[in-house]
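There are 2 protein chains.
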Amino acid sequence: MAPLTELGERVSNASEVLARSSSEQKNEALVCAADALMAASSEILHSNSVDVIRAEESGTSATVIDRLRLDESRVEAMAGGLRQLLELSDPIGRVLECWSRPNGLEIRKVSVPLGVVAIIYENRPNVTSDAFGLCLKSGNAAFLRGSSGAIDSNIAIARALRKGLAAAGLPEDAAVLVTDVSHEAAVKFMQLREHIDCLIPRGGPALISSVLENATVPYVIDGDGNCHVYVDKAADLDLATDVVVNAKMQRPSVCNAAESLVVHSEIAEQFLPRVAKALTGVELVGDERARNLVSSIAAATNEDWFTEYLDLKMSVRVVDSLDEAISHVNTHGTGHSEAIISADNVATEEFAHRVDAAAVLVNTSTRFVDGEEFGFGAEIGISTQKLHARGPMGLQQLTTTKYIVNGQGQTRG
Amino acid sequence: MAPLTELGERVSNASEVLARSSSEQKNEALVCAADALMAASSEILHSNSVDVIRAEESGTSATVIDRLRLDESRVEAMAGGLRQLLELSDPIGRVLECWSRPNGLEIRKVSVPLGVVAIIYENRPNVTSDAFGLCLKSGNAAFLRGSSGAIDSNIAIARALRKGLAAAGLPEDAAVLVTDVSHEAAVKFMQLREHIDCLIPRGGPALISSVLENATVPYVIDGDGNCHVYVDKAADLDLATDVVVNAKMQRPSVCNAAESLVVHSEIAEQFLPRVAKALTGVELVGDERARNLVSSIAAATNEDWFTEYLDLKMSVRVVDSLDEAISHVNTHGTGHSEAIISADNVATEEFAHRVDAAAVLVNTSTRFVDGEEFGFGAEIGISTQKLHARGPMGLQQLTTTKYIVNGQGQTRG
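Chains as they are written, first to last, in our numbering: chain A, 33 to 445; chain B, 33 to 445.
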């Protein structure tokens with residue numbers, strides 16, 4: 033295994049070449065990488081079976097094994113994901129702003145690649161290919177560090193991607209996989225300031241904590257979503273029922289699923305029994321007022337209000353005002369996606385203005401907060417931080433800017 | 033002294049009020065704060081004299097004492113700085129993008145305050161007022177942590193600013209100064225993730241290292257400027273001489289001053305003796321080829337190429353090509369501001385495209401990379417990182433965004 037700093041140097045060098053590659057070159061590399069994935073399909077599946085057997089032997093849970101396991105259609109989906117990027121416009125080289133100064137200086141702000149984008153991720157081998165594709169399209173070299181559990185799959189996938197790069201005449205090192213999967217190597221990786229321009233961790237709370245504690249490279253946190261749906265007194269209750277059911281049940285395991293229902297007291301008596309019925313199969317826990325209206329709701333603990341269940345479970349709270357709803361959401365939310373259901377425009381504006389989150393949804397489901405649903409074409413994650421990117425991160429969020437100042441000999445007085 | 037977490041809670045609460053304040057309210061608070069500074073002038077100067085005497089007694093250098101020392105005109109300048117912000121447009125509430133989706137969802141991306149902006153800074157008491165003003169104008173609460181050496185001045189200034197906030201009907205806690213100036217408190221401060229949305233350190237390498245090592249809050253690094261001027265073979269040598277002299281000598285102690293001169297070998301014989309003469313008073317160190325052309329140039333060590341002198345000293349290097357110049361700049365620069373002097377548009381485009389820095393200057397001085405000179409009206413620092421903000425940071429860089437999604441009951445299928 034090459035030492036991390038050597039890998040870093042290689043990926044840095046490749047990033048310089050990538051930064052000046054044309055849209056055509058990058059697109060050709062995406063096609064070649066997709067072809068290489070398909071050509072290596074049986075090799076990838078063989079390597080994946082090694083990972084899966086190891087996981088089964090060590091008693092890994094069925095859910096995790098399901099995420100890990102590849103089949104032909106999943107390899108095809110990875111290749112298809114790369115080809116999909118062809119249709120998106122190149123985020124690099126756009127003039128974002130330009131202006132002149134009284135002294136004649138002309139200033140342009142242009143979009144440029146970040147350079148080296150590092151991704152630390154868990155047991156999903158498809159991230160190797162997906163993250164690589166987004167990085168390549170945005171002119172960034174991808175420095176990838178997957179988990180030990182998927183190491184054989186990741187090595188096989190990365191090998192194919194690198195073949196694709198070479199076939200398109202771009203440096204293979206625009207995709208570098210770290211094969212040292214020790215904890216020590218992960219910590220070192222997070223501290224490679226010389227070689228990493230942006231780190232995006234894709235994983236659970238333990239990974240995020242480790243990044244906060246150890247990283248000295250710049251990073252964007254793709255964090256928890258303790259998302260609320262607030263049903264206002266002026267809500268259309270049919271609409272509210274549909275949205276709550278969708279937000280909670282359509283795919284409970286993802287970060288933009290709703291975890292908590294907040295209901296205005298004036299409509300609680302009418303709405304709660306109805307929505308509880310529609311949420312059949314969902315375990316509900318709530319405050320006393322909610323429990324008085326629906327006997328099947330169990331008592332919520334204080335911890336429940338802060339919990340992202342990622343499961344068929346939901347907390348229910350009754351409030352007396354919009355103010356109380358906003359305060360509840362801002363106190364317990366994680367700044368991800370928060371919805372209000374109301375026909376009262378004053379209330380929805382107030383909620384949208386005062387709730388502190390990446391996305392506020394008015395009369396629609398939290399599940400729409402997603403790069404694809406926003407029309408970004410692809411997504412590397414959903415940022416819950418406020419710096420650099422907030423909310424769904426597409427290609428544009430993988431860029432930075434550069435000022436180019438043109439003069440005719442101006443000096444500062 | 034209130035514990036840090038209590039201060040954090042107070043400044044967080046104030047930030048919620050500030051986030052929904054109107055432009056008029058924020059402007060009124062700026063006026064009131066400026067008035068309060070002027071009214072407290074003698075108190076501020078008295079407190080400052082305590083800091084200055086303590087500094088003198090402990091043998092602090094004259095330069096540091098000069099930065100620390102206030103007089104009436106400096107207090108007036110602080111108040112004037114706050115009033116200057118009145119003319120700038122409010123960066124909050126702008127609709128940056130808006131679009132519709134095929135399912136009828138309407139998505140708006142709007143600018144919102146970061147929330148609580150924390151500043152850690154060194155011995156310049158004017159930062160207390162300047163940073164507060166930029167935070168207030170951009171709807172952010174300011175959480176300020178100055179150095180022990182300026183603590184009496186900072187307390188007096190913060191007291192005046194808080195009076196100004198109260199006079200305008202805004203919460204005093206929109207400006208909170210940490211008075212525990214111990215190292216332990218600084219480390220804790222950098223880890224207040226609950227209460228700090230963005231930390232901007234304003235200080236030297238030791239402070240930056242401490243932030244990289246300890247901070248768990250999001251931060252923007254205002255780092256070193258090892259800035260180069262590259263004089264191409266196609267340069268107008270009069271223009272080149274003027275720019276090099278300006279970039280090096282006009283104010284050598286600041287981060288956008290040039291530290292290194294890179295000269296194409298084809299014009300070195302003609303240019304170097306001439307620019308060396310124009311740089312009278314500047315200590316030059318260079319490579320062998322430079323020294324062969326100008327005998328007064330001393331030998332540069334490898335360290336020199338990486339050094340930000342912040343003084344009347346400059347390294348000189350002769351290169352044989354544009355490629356070599358770009359590679360030298362990218363290897364030794366700090367990603368701040370890099371200039372090329374050339375009449376050849378192909379060369380300047382290539383340099384601008386391939387040099388990896390916050391700003392690239394073509395035929396003008398690195399000294400122009402500055403919030404005021406860019407027309408931002410004010411500046412909180414110059415970011416040398418690529419995430420969130422790169423280059424001069426004005427009011428816009430103190431904002432984040434929020435997506436507001438309006439629907440009519442859409443659910444995800």
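Quick caveat, the hints were computed from the structure, so don't treat them as lab data.
Wrong hints could be hidden among the right ones.
Far from chain A, some chain B residues (derived; all Cβ distances over 10 Å) [as the list claims (entries may be wrong)]:
1) Ser73
2) Glu89
3) Val127
4) Glu204
5) Val219
6) Asp274
7) Leu393
8) His420
9) Gly439
Here are the simulated lysine-lysine pairs, DSS-like style, with alpha carbons at most 27 Å apart [said to hold, decoys possible]:
10) A:Lys265 to A:Lys141
11) A:Lys220 to B:Lys220
12) B:Lys195 to B:Lys265
13) A:Lys141 to B:Lys345
No residue lacks a Cβ here, since even glycine has one placed at the ideal position from N, Cα and C.
Right, here's what the structure says about each hint:
1. Ser73: The assertion about Ser73 of chain B holds, with a minimum of 30 Å to chain A.
2. Glu89: Nearest chain A Cβ is 37 Å from Glu89 of chain B, so the label holds.
3. Val127: With a cut-off of 10 Å, Val127 of chain B remains clear of chain A, as the shortest Cβ separation is near 12 Å.
4. Glu204: Holds, because the least Cβ-Cβ distance between Glu204 of chain B and chain A comes to about 21 Å, which exceeds 10 Å.
5. Val219: holds (13 Å)
6. Asp274: violated (6 Å)
7. Leu393: violated (5 Å)
8. His420: violated (4 Å)
9. Gly439: violated (3 Å)
10. A:Lys265 to A:Lys141: violated (47 Å)
11. A:Lys220 to B:Lys220: With Cα atoms ~24 Å apart, Lys220 of chain A and Lys220 of chain B stay inside 27 Å; holds.
12. B:Lys195 to B:Lys265: violated (59 Å)
13. A:Lys141 to B:Lys345: violated (31 Å)
Of the numbered hints given earlier, the model fails hints 6, 7, 8, 9, 10, 12 and 13; all others are met.
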